[in-house]
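> Chains as they are written, first to last, in our numbering: chain A, 1 to 398; chain B, 1 to 529.
These are calculated hints, taken from the structure and not from any lab test.
All of these numbers come straight from a predicted model, not from anything done at the bench.
It is possible that part of the hints are untrue.
Result set (DSS-like, lysine-lysine): computed pairs, CA atoms no more than 27 Å apart in a straight line [claimed, not checked]: (1) Lys85/B <-> Lys31/A; (2) Lys375/A <-> Lys229/A; (3) Lys416/B <-> Lys68/A; (4) Lys7/A <-> Lys295/A; (5) Lys262/A <-> Lys140/A; (6) Lys295/A <-> Lys21/A; (7) Lys7/A <-> Lys229/A; (8) Lys85/B <-> Lys103/B; (9) Lys154/A <-> Lys140/A; (10) Lys416/B <-> Lys16/A; (11) Lys21/A <-> Lys103/B; (12) Lys68/A <-> Lys21/A.
Here are some chain B residues the structure puts well away from chain A; computed CB gaps all over 12 Å [said to hold, decoys possible]: (13) Asp3; (14) Ile8; (15) Glu94; (16) Arg308; (17) Gly337; (18) Met343; (19) Pro354; (20) Leu365; (21) Ile371; (22) Leu415; (23) Val421; (24) Leu422; (25) Leu439; (26) Asn442; (27) Met444.
Ideal placement from N, C-alpha and C gives every residue a C-beta, glycine not left out.
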Amino acid sequence: MTIDNRKPLLEVRNLKKYFDKSRGLFIRTPKVLTAVDDISFTIYQGETFGLVGESGCGKSTTGRTIVKLYEPTGGQILFDGVDLASINHRDMLAYRRRIQMIFQDPYASLNSRMTVTDIIGEGIDTHHIFKDSDDPRMAKQERIYELLESVGLKKEHASRYPHEFSGGQRQRIGIARALAVDPELIICDEPISALDVSIQAQVVNMLEDFQKTKGLTYLFIAHDLSMVKHISDRIGVMYIGKMMEIATSDDLYDKPLHPYTKSLLSSIPLPDPHSEQKGKRIILEGDVPSPINPKPGCRFASRCRYSREEVEIITVNTLVGRVIRETLLDPVTNELIIKDNKVITPEIAEVIVGLNLPKISLGKQSCFTETPELKEILTDHFVACHFTEEINANLLKK
Amino acid sequence: MNDKYTFISREEKLDSEQTRKSLTYWQDVWRRLRKNRLSMGGLFGVIFILFFGLIGPSFREGDYSDQILDYSNLPPRLDIYEIEKDRFVYVTREYRVLETDEKGTLLGRIDQVYRDIPNRLLYFSDEYKVSLEGTVSGTYDYPGLLSSKIYYSDAWGIGLKDVSYPNGDDYVEVAYIHPDSPLYGLLIDGEQFDLSVIDSLEEVVLSSGDLQTGLTGDDGAEAMMDAFDNNSDLVEMTFRGEILTMDYSYGLVDPEDRLEGLEDVNIELNYKGRITMNVTDSVMNRLYPWGTDNLGRDLLARVMYGARISLFVAAVATLVNFFVGVLYGSVSGYVGGRVDNFMMRFVDIINSVPLTLYVILLMVLLREVVIDLTIFGHYFVLFRGQGGLGTIIIALGSVYWVGMARLVRGQVLGLKEQEFVLAARTIGVSNFRIILRHLIPNAMGPIVVSMTMMIPAAVFTEAFLSFIGLGLSAPLASWGTLANDALAGLVTYPYQLFFPATAIAITMLAFNFLGDGLRDALDPRLRKG
């Protein structure tokens, strides 16, 4: 599929999901957990979009908000052109058939009081899929057998209960349940992370097969980077509710532009003892900051080795577009160059550069105060970092 | 190479891959429950009590409410005396003489007995003949009545009064005392007069000098009772032109003496001159295996009937509990947030009102309420506030679901974040179906345990309320009212408390054992998923 003729199936625009964690009946100290904070991405028909990030970064919340298990706080979820965020519960039912989800824990995702037939058949019943058929009951049963066989289980398993299956088999039942309503988009919420490595490959291959035969689109949420690279066409990297980088999977692995992505990729162990990877490993310092009442600025700033409060190399390019939060005076003439909260235009930038200062303070405007926008740096490669060009000077030159 | 291992044929291999019909969740629970002996004992106990209450009463001849006063306060074991060859009597604590057969079957009361209670002498004269139907013929000749004393017994003991005779030996007056009223009537010359029947008690002179004239009927009786109550020494009354003087100066037997006497019951029975002093045999009470209460009602039948009432109350309370509690709790837990907060505060409010207070208020409120219905000329009473049963059920039903609601809410709060519920929501299953098909079945284990634990609690609460007098009213009997009735005679007739109390204890133990076993059998820790 070339870049031009691909058709967006799901467009997430400025999606926000905040959880209110305020405590107290009378005196409420506002506490907002920003699980997903203003993220945008597009998934094209037939592709697999990987979503990676460490635990608690909001990947699963994103997936669950898309199927409206959580009501979004803001933003749009455009599925096939329709904004799912704004339609009501009743109208959503039609779209529930088109978007399905596969869950992480194969032990928790199947109701232990229901037989496999009931579990898989629930979607068929809910959407009255065989209501026009001569014998709906028979058609449903046939369909369930067919689904079971397509996920590598046997007909005889239909009357059994979930506890009689292994983890891998349960996950197959979960996949069969999702497939039962013929969806177009499947959100795979870490579908393999609870499985054995040998089973992981089977399940992933099965998902790939279904994608080919049924033309499915996947949103594949995971934290296993090598598995995501294997299955995904494009990958989004999340960190504490923010999208850090979106690129095609080859691009992302070959040319990670965001410092967070770099450190994430460097953590992939290589099965080669002589590899020099050891030395290249970027070890982040400090803890993941809390997503409750986050400070403004880049979320990664506190752990990023490139983050800073001031701009050292003063070129016109690094200054243009920034917001200055302090009054900047000419050190010689003591004349006002720029006032508070003004965006630096190329003209002003020229003036500042002309001052020949070794470095200028941008005040609080920096990684710690200014949230970087997700910008398309290369074709189909989006990065949210103030200093993308600067950090990746070598990479981008090529 | 050894030949221990050989290849099996393909048929054999396929044979070994048998598929077995899988056990459902409840089959699995039953399998585990069966291994638990204590809870199986509890299960059989529960079944026994159900049969006892439902089928038991049909094996009893009399009804639970039949009163035979002659047979009041009979114990389960009778100490019988053989007064003549093949003629046995049992003497009650109130010195009534009941004829029995050798095996302990009661035949009837022997009425015409002269009792010298302080000396514990009971005389049966040759002259009077007692038929078992209770009719009396012949002349009265009380051997001991040459002295001017009459004796009376009441429910608590024995008193003694002097009576003087106006007209010599041929005229005999006996004050006849009933347990419930100090002075009941007069027995004059073998003829018994109810005081209300005495038409012309012309004059009553109390010892204090008060003269009351023209007393008829109830007024006369009242005057005589006043005489007793005021401890008058001497009462003169004119009856049919004769002057009767009743000398009460002897007074009541000292209560301490009475008690002492009752402790050591050693009766001398004098029948046709033959004196029997020793208990011949101790036999089972054939007619009333568990004895009778103070109104002569069959205690076994009453305990059986009480089982019905107690279990009915418990069953209704538990059912209401199940439906209201489970629905309320699951909605509260599933919807969550502000709704949950409000619903739970409502539960807190209900929970903060003490049950006893609640029942008292309801009883006051519902006392006058009778809901009736006439269909095709047939009259049905759907609800009667007066009897107490409806009130207790309403009280228990409206308060007991609170615990269940809390339990289910807690379960649902945990379950609704489980991925299988999320999966159902992703599919688009309606909230109602999610609650019904996913949440409640998965919370069923704790619900069932809580219900089996709630039945004995409801039985006990009902018994407690009835015991403190807030429950059922006579003639309905629950175990609580039976225990309450028995309390008055606890020292003298302990069996009256023993049987209902044992029934309560067995029921509670049986349900608790069963509940414990169910909890173990349903314990999710034993199996995952």
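> Tell me the hint numbers this structure goes against, listed in increasing order.
Hint check: 1, 4, 5, 11, 17, 22, 23, 24, 25, 26 and 27 fail, others pass.
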